[in-house]
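K.L.:
Residues per chain, in single letters:
Number of protein chains: 2
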Amino acid sequence: MSDSFELKKIATIENAFTENFGIPRQSGIAESLLSRIIFEPEFRREEAVRELADFSHIWLIWKFTEAERDNWSPTVRPPRLGGNKRVGVFATRSPFRPNPIGLSCVKLVSIEYDKNKGPVLTVAGADLLNGTPIYDIKPYIPYADLKTDAKEGFTALEKRRCEVVCSKALLEVLPFSLQNALLEVLAEDPRPAYQSNPDRVYKMSFGGFRVSFKVEDTTLSVINIEKE
Amino acid sequence: MSDSFELKKIATIENAFTENFGIPRQSGIAESLLSRIIFEPEFRREEAVRELADFSHIWLIWKFTEAERDNWSPTVRPPRLGGNKRVGVFATRSPFRPNPIGLSCVKLVSIEYDKNKGPVLTVAGADLLNGTPIYDIKPYIPYADLKTDAKEGFTALEKRRCEVVCSKALLEVLPFSLQNALLEVLAEDPRPAYQSNPDRVYKMSFGGFRVSFKVEDTTLSVINIEKE
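Sequences listed follow chains A and B, in order. For what it's worth, this note's numbering labels the leading residue of the first sequence as 31, then goes sequentially. For what it's worth, this note's numbering labels the leading residue of the second sequence as 31, then goes sequentially.
Derived from the structure by calculation, the hints contain no laboratory data. Careful: at least some of the hints might be erroneous.
In the PhoX-like style, the derived pairs of lysine-lysine whose C-alpha atoms are separated by at most 25 Å in a straight line are [stated by the list, open to error]:
{"id": "1", "chain 1": "A", "residue 1": "K38", "chain 2": "B", "residue 2": "K38"}
{"id": "2", "chain 1": "B", "residue 1": "K177", "chain 2": "A", "residue 2": "K177"}
{"id": "3", "chain 1": "A", "residue 1": "K198", "chain 2": "A", "residue 2": "K257"}
{"id": "4", "chain 1": "A", "residue 1": "K177", "chain 2": "B", "residue 2": "K181"}
Simulated DEER-style distance windows between Cβ atoms [unchecked claim]:
{"id": "5", "chain 1": "B", "residue 1": "N210", "chain 2": "A", "residue 2": "S62", "range": "43 to 49 Å"}
{"id": "6", "chain 1": "A", "residue 1": "Y143", "chain 2": "B", "residue 2": "T248", "range": "36 to 42 Å"}
{"id": "7", "chain 1": "A", "residue 1": "E76", "chain 2": "B", "residue 2": "E258", "range": "44 to 50 Å"}
A virtual CB, placed ideally from N, CA and C, is assigned to each residue, including glycine.
Chain A extracted, bound-state conformation (with noise of 0.2 Å):
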């Protein structure tokens, strides 16, 4: 057998992570952002996805596609450890890993049939950037997928979040469908690690806005946000 294994993609995710910065560190923590998960073609078929909106919660298997590289390490430094402390890779979920697979749950919320693109799967809570590809959709399976007495390892200590403070005026000029999901994102702080400059402006692209913000202490306030 052939030491290497060859995956096709099935579907792309389509959302209003643009870039990198201010996509949460895991799955489900924007809960109020929605994306679509849209078949290839060869995959848009009704039937592959019957009986699937019985179930809650899906796992998305992808790529993550911007942290190829030729060699790997086997430590990483999680920025939520403030970013000097190294783990081993395979204690992470970091995307500098042997192969750049990348595990989520997400929240099924409905599954829709357009006539062009086939099903389309809406979910809540996906923590990959727009346009990554996806290899496999599985259910999440309650007697093989939670294990309610799991220990938590080093991420016990990753829940640095702050408050977040953002005019109405502000919040209104996003969509109404993206508005608590900026909030979310905001709320987990995010900052690349070990930058406590008060007065340094972060530019953050969502959802074809530009989102500026400064963080003092715990409290985070959004300073303008536009159009791109």
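Given the coordinates of chain A, assemble chain B onto it according to the supplied hints.
P.N.:
Relative to chain A, chain B alone:
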């Protein structure tokens, strides 16, 4: 960007499942069955698993080596639904899918360092055939992976289990480490769907032994266990 994604084998699993017959339909069912994960030479680096032992469960991403087909079918017949009901392939964890990727959550029992094999992981509850290639190992992260409100779809109907009758003398033909694991595997009723002849003798290879059994109603009786 190319539409295909080539994965490199990083490790291989070793366990008592020497044939597909008898492998539980999901991970976590044969909790007593231990498997060992042996990294490929390039990945035998102790640092790569640093802090992994602080997690209790891990994900394995692997390949269904006996499920490669030239064509994909949009529907499959889950054996536990009786074998005559068709469900969309993406609503199942069937091996026969566009990309034969397996996803299993297993319990991490220990990590030991071997001077030739590097870090060797011992895991419990795997549903992988002996020798299956593994492409990624990730920690199970409760805040992202634990969905306590998840709906179980058609798998709610899958719970066929049986009572196992096996004499102590027969069971003790097996090494101690395989005894409970065999009982767990048999309790799942490994027969193919829709077989109900109480006189039929089934034979299953398990850890170098040949196990013979019959099933009448919901009682599975072990007839013989012998070294292969």
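K.L.:
Could you tell me which of the hints above the structure violates, numbers in ascending order?
P.N.:
none
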